[in-house]
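From just these sequences and the hints, can you work out the full model?
Count the sequence shown with the working numbering and you get residues 1 to 460, in order.
A portion of the hints provided could be inaccurate.
[To be verified] Derived SDA-like pairs (lysine to any residue); straight-line CA-CA distance at most 20 Å:
1. Lys277 to Glu253
2. Lys281 to Leu147
3. Lys240 to Gln283
4. Lys240 to Ile72
5. Lys217 to Leu147
6. Lys406 to Lys443
7. Lys434 to Arg456
8. Lys459 to Ala142
9. Lys112 to Gly96
10. Lys163 to Lys449
11. Lys443 to Gln158
12. Lys179 to Gln158
13. Lys88 to Pro258
14. Lys322 to Gln119
15. Lys88 to Pro52
16. Lys434 to Leu356
17. Lys317 to Leu218
18. Lys322 to Ser335
19. Lys449 to Leu147
20. Lys449 to Glu183
21. Lys443 to Asp53
22. Lys217 to Val306
23. Lys434 to Asn361
24. Lys217 to Gln368
25. Lys317 to Gly307
26. Lys88 to Ser106
[Stated by the list, open to error] Quick list of simulated restraints, FRET-style, between CB atoms:
27. Ala414 to Asp233: 36 to 42 Å
28. Asp71 to Arg94: 42 to 48 Å
29. Ala222 to Gln165: 45 to 51 Å
30. Lys112 to Asn51: 28 to 34 Å
31. Lys217 to Gln387: 43 to 49 Å
32. Asn373 to Pro404: 27 to 33 Å
33. Gln113 to Gln386: 41 to 47 Å
34. Asp71 to Gln386: 45 to 51 Å
35. Asp126 to Ser432: 29 to 35 Å
Keep in mind that the hints were calculated from the coordinates and are not lab data. Beta carbons: idealized from backbone N, C-alpha and C, even for Gly.
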Amino acid sequence: MRVYKKVLRIVLLMLAVTLAYGVWYCWRAFPIISGFGAKNLASAVFLQHRNPDSVIKQELSFFPVSYASYDINTTDSSVTASVLGLAKSKAIYRTGIGCTLVNDLSEAEIRKQHFAIPQPPLQNRDTIAWPYGEMITDAPPAAIDTLQLNRAIDNAMQATSKKGQPAYTRAFLVVYDGKIAGERYAPGFDKNSRLIGWSMSKSLTAAVIGVLVKAGKLNPDAPAPVPEWKGTDKEKITLKELLQQTTGLDWTEDYGAPSEATNMLFKQSDMGAFTAKLPLKYQPGSLFYYSSGNANILSRIIRQTVGDSVYSAFPYKALFHKINMYSLLLEPDASGTYVGSSYSYATARDFARFGLLYYNNGVWNGEQLLPENWVQQSIQPATANQQKRYGYQIWLNGADDKDPSKRWFPDAPADMYFADGFGGQNVFIIPSKKLIVVRLGVKTIDENKYLGEVIRSIKN
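Quick look at the structure:
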């Protein structure tokens, strides 16, 4: 009997601990699940004008996000999500700036915020030749084997994810020597469809930093102008270390569980401030660690540098509208700062235009928009980045994980660099091949395979 009671107590204790852990985990995880669902469904429905059932099936059906349920309110343009009726999260849509999760601040306070977003010029862009407009006047480049390129694009559009699931590639675009050589869209999408860039937003943020460097308002080698860091062990972190992901801040980039990354994106009103307050874990410059938080500190630095009165319009006026990226939309967090790590939407052609800006060393239509050496600096890895895979918020074709003597993408040249986002959003820039390759979809496909096939379509 004593043994039985002892075993029973142990079992009950284990059950209590398991239950307590389950409650604790759900308390942390449920708001992230509902926040992810509410934000992404709201942007898809109100910004992209997509069918909610299709969005839930294609983008929100994976575990554990599949446990969320949604209430779409077309009256106030919002989506409220919950998990088993708990942890409600609300995302609101505002014309011109997309969707924002309601966190910390009240919905009324957020809706009162003013954003002066510049409007694109009134013109029929279908009558203006690419890349300044949308009209394609040139025949396919003679250097391209069109049949082979079309076959490569077909393969990419039909490819499944690594797990054999539908990858839902929405757009695939190839630019050769500045001209559109191939272009394809999934049913329901076209050249005017705004698609999410996810972490390609980091590369956009870095380019805006470049504009401020050119204007003499920021210096990559100087300590980053972060107010919270003055007088602390973080005050020597440089702007370059933020750009190169070597700040040493205590950060975990994990989207499969509650982490600094998920807490920032789905539970914080001021994402840059949240990250800036984190403690230092490593000596700045000594370790490369990819962090979405660093990108949002950079985004907040842009805001603090130019001032609130012009901030909302600044990225558009200073850079993106100058390169004819008129479809681009940057979404802010609840504090009004653009989520520089994750939330950008644009057409495939506009993402290609961004690639062209870097391909042409920061020059657009004869104007040097970025510092003359910015692109070259951007594609130099930090000393701490042993695999040599990352520059200024942009990826490089560095070493393979298993064999450092091989490139990450063996079928692509060593000079390739690229913007990369969750689910395989990519703008690949390959100067030696005169190529820019854009792929946008829901799940990652075999990128090395489609890059190799596109490259092999070049005759010389």
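Which numbered hints turn out to be false for this structure? 2, 4, 5, 6, 12, 18, 28, 31
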